[in-house]
Amino acid sequence: GAGVSQSPSNKVTEKGKDVELRCDPISGHTALYWYRQRLGQGLEFLIYFQGNSAPDKSGLPSDRFSAERTGESVSTLTIQRTQQEDSAVYLCASSLVATANTGELFFGEGSRLTVL
Amino acid sequence: DAKTTQPNSMESNEEEPVHLPCNHSTISGTDYIHWYRQLPSQGPEYVIHGLTSNVNNRMASLAIAEDRKSSTLILHRATLRDAAVYYCILMNAGNNRKLIWGLGTSLAVNP
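First to last, the protein sequences are chains A and B.
The first sequence begins at 1 in our numbering and counts up by one.
The second sequence begins at 1 in our numbering and counts up by one.
In short, the hints are calculated from the structure, not lab data.
Glycine residues also receive a C-beta, built at the ideal position from the N, C-alpha and C atoms.
Please note that the accuracy of each hint is not assured.
[Unchecked claim] Beta-carbon label-pair distances, calculated as ranges:
| id | chain 1 | residue 1 | chain 2 | residue 2 | range |
| --- | --- | --- | --- | --- | --- |
| 1 | B | 59 | A | 8 | 39 to 45 Å |
| 2 | B | 17 | A | 96 | 39 to 45 Å |
| 3 | A | 58 | B | 30 | 41 to 47 Å |
| 4 | A | 40 | B | 13 | 24 to 30 Å |
| 5 | A | 17 | B | 11 | 39 to 45 Å |
| 6 | A | 114 | B | 25 | 35 to 41 Å |
| 7 | B | 8 | A | 8 | 29 to 35 Å |
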């Protein structure tokens with residue numbers, strides 16, 4: 001597709017359930033990022049992929065959070081045993097190269113997660 | 001990581017210029033200044049970036065202070081569609097986009 005695609009756009013789940021959020025980056029983009037944005041807040045870094053490897057997982061808030069990327073394309077963010085504080089918009093971004101000067105970030109529209 | 005500070009909110013009238021300031025007094029020599037904006041219910045959108053020299057593109061202009069401790073995003077003629085939260089962030093090759101995104105400036109545009 002033309003842009004970064006995320007699914008589902010909205011997800012309502014019950015506390016304790018697992019959720020999977022999917023990101024399809026722009027074709028050919030080697031770098032992929034996950035961010036979390038709580039209501040009224042700025043973006044919070046979660047994890048970064050270069051190709052299929054994740055050199056920086058330091059932003060994952062707990063061991064309930066994990067992410068993988070396959071085929072240098074699709075990425076899945078999994079949250080196990082969801083808690084109410086996990087409620088947020090999860091944003092995925094990709095860039096052609098992971099360099100500061102030329103690596104413009106392209107964001108998807110996000111997946112809004114609500115944990116009841 | 002170096003941080004940026006921006007006013008929480010600003011207001012402008014349609015078709016008037018808007019100057020959005022950003023302070024980054026602890027910027028390092030390898031930090032690039034990037035601006036993104038976020039329209040309601042959307043992901044952030046790239047606006048412009050620069051290192052030392054002023055930059056212009058179809059969306060905006062970026063004016064960077066000589067000491068690089070501050071910068072200003074300039075929207076030459078605000079439109080209603082420019083109402084968004086504007087984020088000023090610093091990027092360098094070493095931070096792997098583990099960026100510090102503050103709360104940004106919420107810009108309101110009056111018709």
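### Task
Would you list, in rising numerical order, the hints stated earlier that this structure does not obey?
Of the numbered hints given earlier, those the structure breaks are 1, 2, 3, listed in rising order.
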